[in-house]
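One line per chain: the protein sequences are A and Z, in this order. The working numbering applies: residue 1 is where the first sequence begins, and numbers increase by one. The working numbering applies: residue 1 is where the second sequence begins, and numbers increase by one.
A hint or two may mislead.
For identical chains, the list gives no copy identity; a pair is met inside one copy or between any two copies.
No farther apart than 20 Å at their CA atoms in a straight line, the calculated lysine to aspartate or glutamate pairs in the EDC-like style are these [to be verified]:
#, residue 1, residue 2
1, Lys216, Glu118
2, Lys80, Asp55
3, Lys325, Asp101
4, Lys299, Asp190
5, Lys54, Asp101
6, Lys330, Asp41
7, Lys325, Glu112
8, Lys299, Glu112
9, Lys40, Asp291
10, Lys82, Glu312
11, Lys233, Glu258
12, Lys77, Asp190
13, Lys119, Asp217
14, Lys77, Asp19
Source of the hints: derived by calculation from the structure; they are not laboratory data.
Number of protein chains: 2
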Amino acid sequence: VSRPVMRAAAPVFDRTISDEFSVGVDFGGTNLRFAAYSPKDGVLESVTLPSRVKDGRDAVVADMCAGIRDLIARHSKSRKLKGIGMGSPGPIELPGGLLHDLPNLPGFGGLELRATLEKNLGTAVIIENDANAAALAECFLGRGKTLGIDSLCMMTLGTGVGGGIILQGNILDGMNGFAGEVGHVNIWTDGLRCGCGGHGCTEPYASATSVRRAAKDAIATGTAPGLAALAAKNPDFTPRDVGLLAEAGDADAIRIFENLGQALGIALSAIVNTLNLPLYLIGGGLLNAWDLFAPALFKELRSRSYIYRLTEPSAEDLRTHREGKTYIEKAELGGDAGFLGACLLPFTTWPEARR
Amino acid sequence: VSRPVMRAAAPVFDRTISDEFSVGVDFGGTNLRFAAYSPKDGVLESVTLPSRVKDGRDAVVADMCAGIRDLIARHSKSRKLKGIGMGSPGPIELPGGLLHDLPNLPGFGGLELRATLEKNLGTAVIIENDANAAALAECFLGRGKTLGIDSLCMMTLGTGVGGGIILQGNILDGMNGFAGEVGHVNIWTDGLRCGCGGHGCTEPYASATSVRRAAKDAIATGTAPGLAALAAKNPDFTPRDVGLLAEAGDADAIRIFENLGQALGIALSAIVNTLNLPLYLIGGGLLNAWDLFAPALFKELRSRSYIYRLTEPSAEDLRTHREGKTYIEKAELGGDAGFLGACLLPFTTWPEARR
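Next comes chain A alone, as it looks inside the complex (with noise of 0.2 Å):
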């Protein structure tokens, strides 16, 4: 029987757990994020630390270890440790947590990740890509448990497009752990450029990066009067900044939005006819400008995807939810997904079966 590509059975989360805890750590570029969670009380406490990524990954590790045995130090006096959980940038090959090369992280290529926690710590570690343990914190703490629905793929759109997939409750981690890499799904074929070494992908142009991007592009034509008069004021500007453009009328802003809308439709529609999910989540930094990308993204898909088009929610099925109905929504733990997901990892999944 060849590597599973899921566990074996879906879990199931049992929220009147009150006896044990977990604690889950979120490994960004920019900061470690660290929780002990309990499933009936929640978050009990949480850290944040800058990474010290330019010390190299020696003193992140070191850091890293530090936080969680911190963690384990204060709540293991009330509550017994159920396991540790880690969401890491990708791409990170399962079970063993193998970092590859990644343009954040520079010198982390190579970098076991699990096997170093574990002999640092003693005690086992669960690995998981961030966009997929984002994808479960939403699936069991966020829209998927308003909704009751635990079945959905989540877009994550940050400094690039992350992916994740549950099915049943569970992660579809692929057969190493590279499964939902949805920013990376074809939308232009002759398209632009991608970190990952492809070109026309999905995330360079549903990417904060692509934001910023595509205001530089608008500006160096000269015809882009306002969003020229926002990089001359703040040469930094985010893509906050173009969203508030866009919201006070000025076109090309606008349109910077609805072509991202567009990209994330055409993306969305592969995925929605590969998998016929009941919930896609969009989540990250960018879903603050839903309301200017969500009209183009609906529009393209509509377009491609019949089986949007043959489970399109009406408004009412919007209101309540009815089952069998495609729902596109947002994602609604915003920054905390990713250590809350790092924190279920010991609660819903087999460390055995990662082994």
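Let chain A serve as the given structure and place chain Z on it in line with the hints.
Just chain Z now, with coordinates in the frame of chain A:
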């Protein structure tokens, strides 16, 4: 809890069962193919009838029921009937087997296939999308069995491009039975209209129909003398005729299959990046052109999918089928995959889960 996107647990296909049999039907636009099947002894008997689509759906349903009854009558003397399975062209809504409007089956839209058959037969019938049934057969009886791999995605290149996804021995049905429609993954954003109502899907670039269309387009340019001579000699030329011309060295015919391979490579890059499965199979009538299209397929996939690049099998891996690599291979069961998959349904799924 929402409607399951897969059955609840991984099925065990018990190959030692000899005292039970199933009846499977592959419902196609041209033929109805029936078989009686035993896990231990394989196909006990198979029957092919023409699909009397022109006589209307009642005639076709009557033929289905008569064929099923005949096989049950002949084989239930020596074995116990385990169940009845049927593969039907999609889009077909599960679990009810509601047929939507099918281009090749006019007049069948709105037919509740399962209820209709069950009412006629007085016993339970399990309905599946035909491409899903074919993928299931390849998993348990075809290439998956040969390699010992139980998770795969199969693309069937026929009149259209069908798709089926098997995860740990389970068909991924999705919420409504529409999962696995990988023939409708976007590959050329502003591309050709597709029968699904979308545009730029894989299907109009990688089906048997697309080979004929591409040949006609090439002839229309006036610069494809070999293809023009073929069409003049035989206006009803087949994709196989174009393949023979390509094998004989005709550059225009060669290009048609290179373009088809490129289309498949783009589609597969999206699927590989989304699912990270150990095995992807190409099946259907165009499979005999594998040598003509496969090089372009692999070239495109390599350039677009970093997951494929990280997991591409070496020449040694292709001999030993080492775990952890991504294999793109030929399906083994040919045109029998459809009815074999239908025969497997009662042995590998739980009808009660589909109610």
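Here is how each hint holds up against the structure:
In this assembly of identical chains, Lys216 and Glu118 lie within 20 Å of each other by CA distance neither inside one copy nor across copies; the values are 45 Å within and 62 Å between. Taking the closest pair of Cα atoms, Lys80 and Asp55 never come within 20 Å of each other, the shortest separation being 34 Å inside a single copy and 70 Å across copies. When the C-alpha separation of Lys325 and Asp101 is checked against a cutoff of 20 Å, the pair qualifies only between copies, where the shortest distance is 19 Å, while the shortest distance within a copy is 39 Å. Taking the closest pair of Cα atoms, Lys299 and Asp190 come within 20 Å of each other only across two copies (15 Å); inside a single copy the shortest separation is 22 Å, beyond that limit.
Only within a single protomer do Lys54 and Asp101 lie at most 20 Å apart by alpha-carbon distance; the minimum there is 15 Å, versus 59 Å between protomers. Proximity of Lys330 to Asp41 under the C-alpha cut-off of 20 Å is found in neither arrangement, the shortest distances being 25 Å within a copy and 52 Å between copies. Only between protomers do Lys325 and Glu112 lie at most 20 Å apart by alpha-carbon distance; the minimum there is 19 Å, versus 41 Å within a single protomer. In the homo-oligomer, the alpha carbons of Lys299 and Glu112 never lie at most 20 Å apart, since the shortest distance is 43 Å inside one protomer and 30 Å across protomers.
In this homomeric assembly, Lys40 and Asp291 never come within 20 Å of each other (Cα to Cα): the closest approach is 35 Å inside a single copy and 58 Å across copies. For the homomeric pair Lys82 and Glu312, neither the shortest alpha-carbon distance inside one copy (41 Å) nor that between copies (37 Å) is at most 20 Å. In this assembly of identical chains, Lys233 and Glu258 lie within 20 Å of each other by CA distance neither inside one copy nor across copies; the values are 24 Å within and 51 Å between. Within a single copy, Lys77 and Asp190 get their C-alpha atoms no closer than 58 Å, and across copies no closer than 61 Å, so neither meets the 20 Å cut-off.
Proximity of Lys119 and Asp217 under a CA criterion of 20 Å is satisfied in neither setting, with 48 Å inside one chain copy and 63 Å between copies. Proximity of Lys77 and Asp19 under a CA criterion of 20 Å is satisfied intra-copy only: 11 Å inside one chain copy versus 59 Å between copies.
Consistency with the previously given hints fails for numbers 1, 2, 6, 8, 9, 10, 11, 12 and 13, ordered from lowest to highest.
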